[in-house]
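A.B. asks: Starting from the structure of chain A, add chain B where the hints point.
Chains as they are written, first to last, in the working numbering: chain A, 220 to 576; chain B, 220 to 576.
It is worth saying that the hints were derived from the structure and are not from the lab.
Check each hint, because a few of them may be wrong.
[Said to hold, decoys possible] Partial chain B-side listing against chain A, Cβ under 10 Å, derived: (1) GLY257; (2) SER258; (3) TYR355; (4) GLY401; (5) PHE436.
Treat the numbers as computed from the prediction; the structure is a model and nothing was measured.
Ideal Cβ placement from N, Cα and C applies to all residues, glycine included.
One letter stands for each residue in the lines below.
2 protein chains.
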Amino acid sequence: MEAGILSVPGGPGKRGHRVPFPAPHEARTMKLATLKDGSRDGQLAVVSRDLATVHLADGIAPTLQRALDDWAFIAPQLEDLYQTLNLGKARHAFPFEPGRCMAPLPRAFQWVDGSAYAHHFELLTRARGAEVPASYRREPTAYQGGSDDFLGGLDDAPFASEDWGIDFEAELAAVVDDVPMGAAPAACAGHVRLLMLVNDWSLRHLIPDELAKGFGFLQSKPATAFAPVAVTPDELGEAWREGRVHAPVLVHLNGRKVGDADAGAGTVFGFPELIAHVARTRNLRAGSILGLGTVSNDDTARGFSCIAEQRALETLADGQPSTPYLCFGDRVRIEVFDALGQSVFGAIDQAVVRTRP
Amino acid sequence: MEAGILSVPGGPGKRGHRVPFPAPHEARTMKLATLKDGSRDGQLAVVSRDLATVHLADGIAPTLQRALDDWAFIAPQLEDLYQTLNLGKARHAFPFEPGRCMAPLPRAFQWVDGSAYAHHFELLTRARGAEVPASYRREPTAYQGGSDDFLGGLDDAPFASEDWGIDFEAELAAVVDDVPMGAAPAACAGHVRLLMLVNDWSLRHLIPDELAKGFGFLQSKPATAFAPVAVTPDELGEAWREGRVHAPVLVHLNGRKVGDADAGAGTVFGFPELIAHVARTRNLRAGSILGLGTVSNDDTARGFSCIAEQRALETLADGQPSTPYLCFGDRVRIEVFDALGQSVFGAIDQAVVRTRP
Chain A
220 MEAGILSVPG
230 GPGKRGHRVP
240 FPAPHEARTM
250 KLATLKDGSR
260 DGQLAVVSRD
270 LATVHLADGI
280 APTLQRALDD
290 WAFIAPQLED
300 LYQTLNLGKA
310 RHAFPFEPGR
320 CMAPLPRAFQ
330 WVDGSAYAHH
340 FELLTRARGA
350 EVPASYRREP
360 TAYQGGSDDF
370 LGGLDDAPFA
380 SEDWGIDFEA
390 ELAAVVDDVP
400 MGAAPAACAG
410 HVRLLMLVND
420 WSLRHLIPDE
430 LAKGFGFLQS
440 KPATAFAPVA
450 VTPDELGEAW
460 REGRVHAPVL
470 VHLNGRKVGD
480 ADAGAGTVFG
490 FPELIAHVAR
500 TRNLRAGSIL
510 GLGTVSNDDT
520 ARGFSCIAEQ
530 RALETLADGQ
540 PSTPYLCFGD
550 RVRIEVFDAL
560 GQSVFGAIDQ
570 AVVRTRP
Chain B
220 MEAGILSVPG
230 GPGKRGHRVP
240 FPAPHEARTM
250 KLATLKDGSR
260 DGQLAVVSRD
270 LATVHLADGI
280 APTLQRALDD
290 WAFIAPQLED
300 LYQTLNLGKA
310 RHAFPFEPGR
320 CMAPLPRAFQ
330 WVDGSAYAHH
340 FELLTRARGA
350 EVPASYRREP
360 TAYQGGSDDF
370 LGGLDDAPFA
380 SEDWGIDFEA
390 ELAAVVDDVP
400 MGAAPAACAG
410 HVRLLMLVND
420 WSLRHLIPDE
430 LAKGFGFLQS
440 KPATAFAPVA
450 VTPDELGEAW
460 REGRVHAPVL
470 VHLNGRKVGD
480 ADAGAGTVFG
490 FPELIAHVAR
500 TRNLRAGSIL
510 GLGTVSNDDT
520 ARGFSCIAEQ
530 RALETLADGQ
540 PSTPYLCFGD
550 RVRIEVFDAL
560 GQSVFGAIDQ
570 AVVRTRP
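Next up, chain A with everything else stripped away, as it sits in the complex:
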């Protein structure tokens, strides 16, 4: 629909250079974001591969949820716009500002978060004096999270008290289209439509009492944050395989690099297995988000993707933790780069702030 339009001065394409028609494979890739417009669901936009420019997609679908509701019909139109934008030929492109983004899905109908990284799960389970369930390596472990109020990647993260044990968790998540009840893992891989980067804020001091009840997390998992850009799996090229993202997740705490664990290593299940696990007894509807949990590798030289893990290691080594949980004013940055050094999802970069009364 955007064919034949003029190139944009300052756009990212090679102006005056004839670009060959994209290969079929490339046509399945795209990057999407949701811009703040004062509404609850924001405005769907297509972002260029280099995250330099953006183009509203409101002529195609007003929101990302609406695009996911009718993906087979909507996605090709978004792809057309993405191709045009990457060529620098999109009519109304403008510079991409990540701070203008909400979470790609500012609210969602489902958010299920797994705990696929054995090193993280086993360390934290033991650190709170609990037993690793016998089922852990046999089937996915996951909880149902709140999905009514997500934070944008550059939004402040508000908390009422530093005494809650404020912690981040760097994760990857998948967005699916409709998954029918009983779908097998092999079929579930094809239902992954988008991937996202997550900061799953956690309140460590509230977790033990909640998990002791057996009913899962509630107060201990406040609003979750998502990087500005959601990408189709094919955007990751070879890094997307076996239902996992094979790439390091860079974590900076107050400007200091603290982790670069490989999201493709150390997992006991991938996205297809998690999706099939949740879909065993019910349908998953389009726009459901599923996460694999805090990225974590056995190799502790890769650092940490949440403070709790570091504290558990310190406790094992020294008898007590030395890394404090977060304080107001602290800043967490989480980012994934592709093989060419390009930021894939844009950065999560959040300040911890005190809630306004």
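C.D. replies: Relative to chain A, chain B alone:
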């Protein structure tokens, strides 16, 4: 907006009889439903108090979520239509067929289910050999449920296997508008915009393993069903007080009455306390649904609102349960009547069926 229009032949109002202008109190009441129209969110409609007629509300708000998103602006318009409909003067009213209804919110951004009835919680916790947490009577116990795929009140409930221990749970739930983080219980009562009747389908044989993990319910809580009509709290008159619905919940199993427990008795918390509990560390956004859990009274003469409870009592008395869980073809009916004998929410009336492959 519907003032001065003609009466409808066959409508429920007293034609030719001059009805006095509704009192201010009455003007805050209404009944809403969502009609199947092939879309994911259905079509918002206003239902007459006697559940005899219905009028599309699509000229006011296309969906119930949209109405909740902007409740202060939308609700008065829906109320006007409700008044007109009750007077038999709505222009395009037609007979209400509960079978045409989806859940009032066919999908929602949040579904948190509590366990407020001490008799139910303590009995079932002990029945699975677990300890009642010390916190149970001190603060609300609740879990985050799946909300992406709700069933309508007359929809079949599909399951792949009878071996899962198929059970119903009769419950009441509240729908809130935006609740700010940290809101006190007293303030939370005012955020209850609608009440609904729930069948929280549960797979008993999958619960022990899931709760042992501590991460809550996932496979053991398949799609939840809701009665056709959502009502404002004031529709219940004196039965809505202390943040609870004081009315019996009638349960029939295959045509036989098995329970009529009072939803206002035997609770350790009400809706305001549950809402405040969940909002302690995060905002709750409009359209969030919160349930008080399976209705249950200490007085066992009131019968049961889920089979698991009856089986636990049988086990205590006889050493083993005698009431089986549900089989394909079984039918569950759940309904609440007001003081005048009028069905408040319409009935939940569902058949247990085998999923089609």
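A.B. asks: Could you work out which of the previously given hints the structure breaks and list their numbers from low to high?
C.D. replies: Going through the list in order, the structure violates hint 1 alone and respects the others.
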